[in-house]
Structures are given as structure tokens and as C-alpha cells.
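Asks: Chain by chain, the residues:
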Amino acid sequence: MSFASTQFLAFFGVLFLLYYTVPRRWQWKLLLAGSLFFYWFAGWWCLIYIGVTTVTTWLAARRIDALAREQDAWFQEHKAELSREERKARKAKDRSIRFRWLLGCLLVNFGILAVVKYTNFVIGNLNAAAAALGGGQPLPTLSLVLPMGISFYTFQAMGYLIDVYWGKSPAEESLGRFALFVTFFPQLIQGPISRFGDLSRTLYSEHPWDSRQIAMGVERVLWGLAKKLIVADRLAIPLRALVADPEQYNGVYVLAVIFLYAVQLYADFTGGIDITIGAAQMLGVQVTENFQRPFFSKNAAEYWRRWHITMGTWFRDYLFYPMSVSKPILKLHQKCRNRFGRFGKRISVHTCSIILWFVTGLWHGASWNFIVWGLLNGLVIIISQELEPLYDKFHARFPRLKGSRGWDAVQVLRTFWLMGAIRVLDVYRDVPLTFRQLGTVFTAFRPQVLWDGSFLELGIGMGDWLVAAAGAGTMLACSLLGRREPVRERLSRHSPHLAWGGCVVLIWLTLIFGVYGIGFDATQFIYNQF
Amino acid sequence: MKKNIRTAILWVLILAAGLWLLNALFMPKYMSDIPEGALIAEYYKEETGHDVIFIGDCEVYENFSPDLLWREYGLTSYIRGSAQQLIWQSYYLMEETLNYETPKVMVFNVLSMKYGEPQSEAYNRLNLDGMRLSPQKIAAVRASMTEEESLLSYLFPLLRYHSRWNELKGEDLRYLTHRDIVSDSGYLMNVQVRPAENVPTGRPLGDYSFAPVCWDYLDKMADLCEEKGVQLVLIKAPSLYPYWYDQWEEQIEDYAARRGLPYINFLELTDEIGVDFATDTYDSGLHLNLYGAEKLSRWFGQWLTANCPVEDRRGQEDYANIWNEKSAAYAARKARLEAEWSGEDPA
Numbered sequence: 001m002s003f004a005s006t007q008f009l010a011f012f013g014v015l016f017l018l019y020y021t022v023p024r025r026w027q028w029k030l031l032l033a034g035s036l037f038f039y040w041f042a043g044w045w046c047l048i049y050i051g052v053t054t055v056t057t058w059l060a061a062r063r064i065d066a067l068a069r070e071q072d073a074w075f076q077e078h079k080a081e082l083s084r085e086e087r088k089a090r091k092a093k094d095r096s097i098r099f100r101w102l103l104g105c106l107l108v109n110f111g112i113l114a115v116v117k118y119t120n121f122v123i124g125n126l127n128a129a130a131a132a133l134g135g136g137q138p139l140p141t142l143s144l145v146l147p148m149g150i151s152f153y154t155f156q157a158m159g160y161l162i163d164v165y166w167g168k169s170p171a172e173e174s175l176g177r178f179a180l181f182v183t184f185f186p187q188l189i190q191g192p193i194s195r196f197g198d199l200s201r202t203l204y205s206e207h208p209w210d211s212r213q214i215a216m217g218v219e220r221v222l223w224g225l226a227k228k229l230i231v232a233d234r235l236a237i238p239l240r241a242l243v244a245d246p247e248q249y250n251g252v253y254v255l256a257v258i259f260l261y262a263v264q265l266y267a268d269f270t271g272g273i274d275i276t277i278g279a280a281q282m283l284g285v286q287v288t289e290n291f292q293r294p295f296f297s298k299n300a301a302e303y304w305r306r307w308h309i310t311m312g313t314w315f316r317d318y319l320f321y322p323m324s325v326s327k328p329i330l331k332l333h334q335k336c337r338n339r340f341g342r343f344g345k346r347i348s349v350h351t352c353s354i355i356l357w358f359v360t361g362l363w364h365g366a367s368w369n370f371i372v373w374g375l376l377n378g379l380v381i382i383i384s385q386e387l388e389p390l391y392d393k394f395h396a397r398f399p400r401l402k403g404s405r406g407w408d409a410v411q412v413l414r415t416f417w418l419m420g421a422i423r424v425l426d427v428y429r430d431v432p433l434t435f436r437q438l439g440t441v442f443t444a445f446r447p448q449v450l451w452d453g454s455f456l457e458l459g460i461g462m463g464d465w466l467v468a469a470a471g472a473g474t475m476l477a478c479s480l481l482g483r484r485e486p487v488r489e490r491l492s493r494h495s496p497h498l499a500w501g502g503c504v505v506l507i508w509l510t511l512i513f514g515v516y517g518i519g520f521d522a523t524q525f526i527y528n529q530f
Numbered sequence: 001m002k003k004n005i006r007t008a009i010l011w012v013l014i015l016a017a018g019l020w021l022l023n024a025l026f027m028p029k030y031m032s033d034i035p036e037g038a039l040i041a042e043y044y045k046e047e048t049g050h051d052v053i054f055i056g057d058c059e060v061y062e063n064f065s066p067d068l069l070w071r072e073y074g075l076t077s078y079i080r081g082s083a084q085q086l087i088w089q090s091y092y093l094m095e096e097t098l099n100y101e102t103p104k105v106m107v108f109n110v111l112s113m114k115y116g117e118p119q120s121e122a123y124n125r126l127n128l129d130g131m132r133l134s135p136q137k138i139a140a141v142r143a144s145m146t147e148e149e150s151l152l153s154y155l156f157p158l159l160r161y162h163s164r165w166n167e168l169k170g171e172d173l174r175y176l177t178h179r180d181i182v183s184d185s186g187y188l189m190n191v192q193v194r195p196a197e198n199v200p201t202g203r204p205l206g207d208y209s210f211a212p213v214c215w216d217y218l219d220k221m222a223d224l225c226e227e228k229g230v231q232l233v234l235i236k237a238p239s240l241y242p243y244w245y246d247q248w249e250e251q252i253e254d255y256a257a258r259r260g261l262p263y264i265n266f267l268e269l270t271d272e273i274g275v276d277f278a279t280d281t282y283d284s285g286l287h288l289n290l291y292g293a294e295k296l297s298r299w300f301g302q303w304l305t306a307n308c309p310v311e312d313r314r315g316q317e318d319y320a321n322i323w324n325e326k327s328a329a330y331a332a333r334k335a336r337l338e339a340e341w342s343g344e345d346p347a
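Protein sequences appear in the order of chains L and X.
Under the numbering used here, the letters of the first sequence match residues 1 to 530, in that order.
Under the numbering used here, the letters of the second sequence match residues 1 to 347, in that order.
Treat each hint with caution, since some may be false.
[As the list claims (entries may be wrong)] Quick list of simulated restraints, FRET-style, between CB atoms: (1) Glu-226/X / Thr-6/L: 37 to 47 Å; (2) Val-145/L / Ala-41/X: 44 to 54 Å; (3) Gly-170/X / Pro-447/L: 34 to 44 Å; (4) Trp-165/X / Phe-259/L: 18 to 28 Å.
[What the hints assert, rightly or not] Only some residues are given here: those of chain L computed to face chain X with a beta carbon under 8 Å: (5) Ser-211; (6) Gly-461; (7) Gly-463; (8) His-497; (9) Val-504; (10) Ile-507; (11) Trp-508; (12) Ile-512; (13) Gly-517; (14) Ile-518.
Quick caveat, the hints were computed from the structure, so don't treat them as lab data.
Here a beta-carbon is modelled for each residue, glycine too, at the ideal position from N, C-alpha and C.
Modelling step: build the complete structure from the supplied sequences, incorporating the hints.
Replies: Here it is in C-alpha cells:
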């Protein structure tokens with residue numbers, strides 16, 4: 001069930017009332033039951049997948065934790081009897097046993113993800129390669145349905161498992177409590193990808209009624225719904241038209257796609273995350289923030305520290321860092337340093353970056369569009385790192401520029417359009433078409449379509465464009481005003497009437513200007529598909 | 001704490017009042033456009049009960065004149081008709097009507113037997129939006145909804161009509177809390193003349209059987225009327241199109257005979273009634289115009305007087321006051337429409 005549906009509102013309303021009615025020690029159990037129901041609603045068979053991930057991860061983590069404790073106890077007991085070499089060998093052997101449990105569980109769960117998400121992509125590529133080589137009968141594709149939120153919950157569970165393996169987090173003893181961590185419904189379908197250490201702090205606690213927290217949660221849910229229904233789903237209509245006919249809509253229209261898709265995706269994804277965080281807050285659970293005004297970033301690396309933060313940190317902590325200190329990369333580092341000197345030192349880091357962004361692209365979807373999208377992001381970050389000395393020289397020459405508002409604005413706009421241009425790989429059919437479309441910005445610009453009324457023939461009229469612009473403008477204003485403190489916090493501090501009034505007006509505006517109902521089917525949140 | 005509760009109550013009330021206002025604002029008013037949409041709700045403004053209630057689709061609200069039945073026979077009647085009213089909608093309207101009054105006669109037009117499943121959201125809205133909230137309305141909505149519809153949007157019409165924000169007109173404000181009367185006791189008057197020429201015959205159907213669900217609802221109507229002591233009369237109005245097949249006619253005749261119900265097919269009585277499709281229809285035979293409707297009502301009034309336990313109420317002051325007023329409104333509307341039509345017609 002989509003967050004922007006009456007089913008979800010009804011489900012959440014009932015759960016919310018029960019949550020504060022049942023004895024507090026049952027609250028987390030109720031949340032687990034609710035989460036399983038929420039997941040069952042997407043298809044009973046989905047419960048099998050998430051069940052396998054939950055049980056295998058819980059068992060493996062428990063085993064790793066138990067092994068670590070047993071091994072540690074044995075080691076402490078026999079430490080004095082062992083030589084230094086024996087101690088080292090023993091530690092390596094113990095680690096290897098624990099690693100086998102880790103590896104087994106990782107293989108099972110990433111294996112499930114790989115099979116359901118990537119099998120047909122692999123088959124498609126094999127068939128294309130075979131056809132290019134004049135091969136025979138193509139392999140049939142499989143009818144695999146992707147279980148809801150599998151990329152999110154698999155990463156969340158595997159992050160926990162690795163933390164247990166590293167000794168950063170204790171293994172959760174209760175299967176029920178761990179199951180709630182994996183299935184917690186507000187974040188099940190589009191993240192954020194929470195860490196056990198963060199989420200468990202409030203997930204299992206007893207939560208008394210807290211009017212202020214609940215009110216703040218309600219406000220955030222309403223704000224998320226407004227962003228999704230008023231802005232994102234409204235802009236989805238012209239975007240669909242612009243992307244469906246690339247022959248007609250090229251040149252300046254491609255710039256429009258870049259701009260509109262940036263706004264739509266931001267409104268859609270942050271709207272969904274607002275609902276997630278707000279709904280969790282209403283239940284007393286603190287969920288990690290996933291965005292930090294990303295469109296104000298001054299370079300690609302900063303952008304990725306502020307957009308989908310939990311995914312970025314997951315890849316950094318569980319892929320980039322371990323990979324950077326892995327034996328093959330250290331060997332590569334050594335070789336390159338010996339061969340290429342100072343620049344060679346960075347080759348290993350850039351290799352890790354490219355692998356990281358390849359996997360990030362693949363995580364987003366089983367298509368070359370996403371892979372190329374990931375690689376381009378990596379490439380832009382690497383190039384900007386390599387060009388840093390050049391920037392330094394430039395700023396040494398023009399010292400007044402650095403830190404000035406004008407230069408900041410240039411950097412922000414440059415990053416917005418650059419990231420936007422890469423992002424349109426999400427929307428066009430394939431990679432060559434995307435590059436052809438981007439090329440037409442230079443070869444068939446035709447700016448007159450911006451004012452000759454052509455944009456009024458894309459499925460929405462002037463009124464809708466104005467509503468979308470007002471919505472996007474409000475989002476921008478809130479983003480600017482909320483740099484130090486969220487706007488709703490400021491409002492509620494001034495007067496409770498302001499906060500209440502804001503909520504009431506948001507409800508009215510969303511009901512009137514939201515794109516839903518007959519004629520408009522509220523589109524699924526874009527990040528659900530990942 | 002008390003202050004917080006007071007603040008919360010205040011804002012919840014403001015929210016509810018705003019939603020009520022928005023619902024009223026966004027609901028289509030059906031005053032200058034598609035007056036059919038206003039018919040169902042007009043019934044609730046009636047000040048007296050009725051001896052005869054017509055239930056059905058456009059073949060009742062376009063073809064019978066309650067005013068003539070009053071003027072010539074002293075019969076009080078009302079038409080609870082609406083565009084493409086499906087049989088389950090007719091049933092629930094009948095049930096709902098019986099909550100307000102117990103007429104002597106219920107007249108049901110059987111054309112809707114041909115529709116065995118929900119047809120279109122637009123017609124559903126014309127039929128159901130005007131009903132007051134009641135168990136019957138909810139049942140009618142449940143029975144009528146197409147796949148894309150939701151019960152919630154009938155209970156809170158703003159959820160359906162919110163997209164009208166960029167087409168709101170002065171009319172939406174003017175009729176925020178009230179509506180003009182667009183019909184004469186449910187009759188939607190039309191004085192135009194467009195002769196019936198080249199009426200198409202029905203093309204053969206693969207299956208002439210009415211859907212089981214239609215029979216179920218017809219049974220329920222007959223049972224309900226029997227239980228309430230109301231005479232149910234089945235009719236087929238004299239509309240040339242949609243085509244009424246002989247096979248359908250046989251099924252209805254058999255049913256009426258089996259249940260002991262009177263059934264009148266006016267298509268077979270047009271000569272006797274005096275309906276002339278060259279002058280008595282405004283849309284080439286689909287519906288009668290005022291002149292045809294008055295001829296049909298004259299014949300039917302006679303039949304009702306002769307065959308049903310109805311009474312002439314012209315001598316009853318409380319009825320006469322109201323119905324004479326209605327007659328005056330009817331005459332005024334007729335004069336106005338005739339003036340408009342003759343002005344428009346170059347002939």
C-alpha cells in the first residue's frame with residue numbers, strides 16, 4: 001500500500017490508536033504485527049523473502065556473536081599458555097570461522113537479491129551478446145516479481161550482520177525484536193537504510209503519549225504528502241509526455257526534463273521520507289534523516305553526502321572502506337605507487353570509487369542506464385578531486401571569489417545542473433538515447449518553445465504549472481528558512497495556533513491541489529522500485 | 001493541558017468547517033449545465049407525500065408530467081428518475097423513498113433490465129451524489145461502483161471533485177448552500193421538436209437474457225412493494241431508441257404474469273395514446289417532448305385512476321395549495337421554454 005493512499009491512512013490510523021491503547025510493553029509487538037500486515041498486503045509471498053532474510057541474518061548474527069564470545073573466553077583462559085605466533089594463528093582461525101558465517105549469510109541474502117533483481121538483466125545481456133555474435137536460440141527470461149523493498153531491507157539486515165561481525169553491535173537475542181528492525185513498515189519501502197544501533201535506541205522502548213512529538217510527526221507526514229501529491233505527481237504528468245516522445249521533445253525540452261525531474265524526484269523521495277520519519281515519530285521512533293538540502297551542494301561529492309545519506313554511508317562503511325583496506329587493493333596501491341609515483345597512490349582509491357559507484361548504480365536498478373548513471377557520478381567525483389590543484393590555483397588568482405555569495409551560487413547551480421544531467425539516465429529509455437537527447441541541447445536548442453505555449457500541451461494547463469511552481473517555491477523557501485532549525489519547530493515555538501493552522505491549511509491544500517483520484521492515479525513513490 | 005485541548009478542539013472544528021465548505025464549493029451544481037444531476041436531490045424539498053412515484057431512467061423523467069396528472073386527475077406524483085439509472089439504483093431509491101412516504105403506486109420503467117453491470121462513473125455520480133446519506137445510499141454506491149471508484153469519494157465528494165479547482169465558476173459560489181428547482185416534480189421539461197426519422201432497428205444480440213442480478217433486483221422491488229402494500233406497476237416508456245427487443249418484452253411479460261404485476265408497454269399503445277413522433281419528441285424518438293409527455297400522462301392518468309387505489313386530491317386544500325403553486329411554476333417554465341425555442345428555431 002502506497003503512503004499516499006487511503007488504505008495506508010486507514011491502516012496507520014488504526015495502528016496508531018491501538019499503539020497508545022495497549023500496555024506499553026506490547027507496543028513493539030504491535031508494531032511488528034502491523035509491519036508484517038503491511039508487508040503481507042503487498043503479497044503474502046513477499047513474507048517468505050523477508051522471512052528468509054530475517055531468520056538467516058538473525059541466526060548468523062547470533063552464531064557470530066556467540067562464537068566471538070566463546071573464542072574470546074577461550075583465548076582469555078589459554079592466553080598464557082600460547083606463544084605469540086600461536087596466539088596470532090588462533091585469532092586468525094577464529095576470525096576465519098566467524099567470517100565463514102558472515103560470508104554464508106551475505107551470499108544467501110545478496111544471492112536472493114541478485115536472483116530476483118538481476119537475473120533477467122543478465123539473461124537480456126547474454127542474449128544481446130549472443131545475437132551480436134550470431135548465436136542461436138535466445139534464453140527465455142524469467143517471470144520474477146521483485147518483493148517490495150528488498151534492496152532496502154537486505155542492505156539494512158546485512159549492515160547489521162557486518163556490524164555484529166565487526167563487534168560494533170551486539171547480536172539481538174530476540175527474533176521478534178530483530179524481525180521488527182528488518183520489517184519496520186514506515187521505512188520498508190523506500191528507506192532510509194537504518195543502522196541497528198540507531199533505530200534500536202527507540203524502536204523497542206515503551207512510548208507514552210507525547211503530544212509534542214506526535215504533533216511534530218503529524219506535521220511532517222502532512223508536509224510529505226503535500227510534496228508528493230501537489231508537486232511530484234503533478235510534474236510527473238508533463239515529464240511522462242516529454243520522455244515518451246524524445247524525437248519531438250529535444251533541445252530545450254531536455255533542459256526542462258533535467259529541471260523538472262530534479263524537482264519531481266526531490267519532492268517524491270523527500271516527501272516519502274518525510275512520511276516515513278513523521279509516521280515513525282508519531283509512534284515515538286526516531287528514524288535517521290536521509291536528506292540535508294542536497295540542491296545547495298557545491299560539488300558532486302558534497303551532493304552525495306546530502307542526498308540519500310543513509311545509502312551513501314552504507315556503501316561507504318560496508319563497501320568502500322573494507323574494499324580500500326582489502327589485500328588486492330593494497331597490492332594495487334603498492335604497485336601503482338611504485339610505478340606512477342604520487343598520482344599512482346590515488347589510482348587504488350579511484351578504483352574503489354569506480355567499483356563503489358558501479359555497485360551503487362546497480363543497486364538502483366537492473367539496467368545499463370543505472371550502471372552508467374553510477375559510473376558517471378563516480379567519474380565526476382574523481383575528476384573534481386583530480387582538478388582540485390587547478391581550483392586552488394584559480395582561487396589563489398582570484399582570492400575574493402572563494403566564499404563569496406556569487407561564487408557559491410555558481411557552484412550550487414553548476415552542481416544542480418550537472419547532477420541533473422546525469423540523473424536523466426533514470427528517465428530515458430536507454431543510454432544512447434539519453435546521450436543523444438543531451439546532445440540536442442547543443443544542436444537543436446529552440447528556446448522559443450519556452451514561451452510559445454508548447455509547455456501547455458504536455459498534459460497540464462497554466463493553472464497546474466502555477467500550482468507546481470508555488471509548491472516548489474514553498475519547498476525552496478522552507479529549505480532556506482530551515483537551515484538552522486526546521487520551519488515547523490519554529491512555528492510551534494511561536495504559537496501552537498501557528499502550528500495547528502499550518503496543519504489545517506496543508507490538509508486543505510493537499511485535498512484540493514493534490515493529484516489523486518479518478519483521472520489521476522497517485523503514482524507510486526519513485527524509490528519504491530529500488 | 002486544558003488549554004491545549006481547547007486549542008485542538010478549536011482547530012479540529014475549523015478543519016471540519018473548512019472541509020464542509022470545500023465539499024459544498026467543489027460539488028458540481030448542475031444548475032446551468034446537465035440539470036439531470038440535480039434531479040435526485042430535489043425530491044427532499046417536497047412538502048407533501050405522493051400517491052404515485054415513478055422510478056427509472058430518462059424514460060421516466062422525460063416522458064411523464066406529474067403536473068398534468070394533478071391538473072386532470074388530481075393525482076399527486078413524483079418522478080425519482082435520473083440519467084441511465086441502473087436497476088439497483090432504482091431499487092435503493094425505492095427503498096429510500098419508502099422511508100419518507102408510502103405511496104399507493106410505484107411505477108418502474110424496465111429499460112434498465114438491459115444493464116447487468118455498472119456502466120460509467122459519470123452516470124453513477126448523476127444518480128448517487130444527490131442522495132442523502134443513508135444505508136440505501138451506501139448500498140447503492142457499493143452496487144454501482146466501477147473499478148476506479150471508491151465509496152469514500154461518495155461520502156466525501158471533495159475527494160472526487162477537487163480537480164475542479166481550476167474550473168470553478170460564479171455558479172459554484174452562488175449555489176454554495178442552495179439550489180434552484182430545475183424540474184417539475186422530477187419531470188425535466190423540454191419543448192423542442194425534432195421528429196423521429198430513420199429510427200434504427202435493433203441489431204441482433206447473441207443473448208437476449210437479462211442478467212441474473214437484474215432479476216434479483218426486480219424481485220426485491222416486487223417483494224418490497226408487496227411488503228409495504230404498494231402497487232408496483234411495470235412500464236416500458238414509448239421511446240423508440242434504445243431498441244426494445246421482442247425477446248425482452250416476452251421475459252418481462254412472463255415475469256409480470258408470474259408475480260401478478262401490471263405491465264404496460266407504451267410502445268404498443270402509441271396510436272391509442274396519440275403520440276406522434278413527428279411532433280412529440282425533442283430528440284428523434286429517444287424521449288418525448290412536453291407535448292408527447294402530456295399525451296402519455298393523460299392516458300396513464302386515466303389508467304391509474306381506473307386500475308389503482310389512487311384518489312383525486314384537488315379538493316383537499318393542503319394539497320391543492322401546494323400543487324396549484326407547482327402548476328403555476330410549470331406553466332411559467334413552459335412559456336419560457338417555448339419562447340426560447342421559438343426564438344431559436346429559424347422555422
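Asks: For every hint, state whether the structure bears it out.
Replies: Going through the hints against the structure:
| no. | hint | result |
| --- | --- | --- |
| 1 | Glu-226/X / Thr-6/L: 37 to 47 Å | holds (40 Å) |
| 2 | Val-145/L / Ala-41/X: 44 to 54 Å | holds (46 Å) |
| 3 | Gly-170/X / Pro-447/L: 34 to 44 Å | holds (39 Å) |
| 4 | Trp-165/X / Phe-259/L: 18 to 28 Å | holds (25 Å) |
| 5 | Ser-211 | holds (7 Å) |
| 6 | Gly-461 | holds (7 Å) |
| 7 | Gly-463 | holds (4 Å) |
| 8 | His-497 | holds (7 Å) |
| 9 | Val-504 | holds (5 Å) |
| 10 | Ile-507 | holds (6 Å) |
| 11 | Trp-508 | holds (6 Å) |
| 12 | Ile-512 | holds (5 Å) |
| 13 | Gly-517 | holds (6 Å) |
| 14 | Ile-518 | holds (5 Å) |
The structure is consistent with each of the numbered hints, conforming to all of them.
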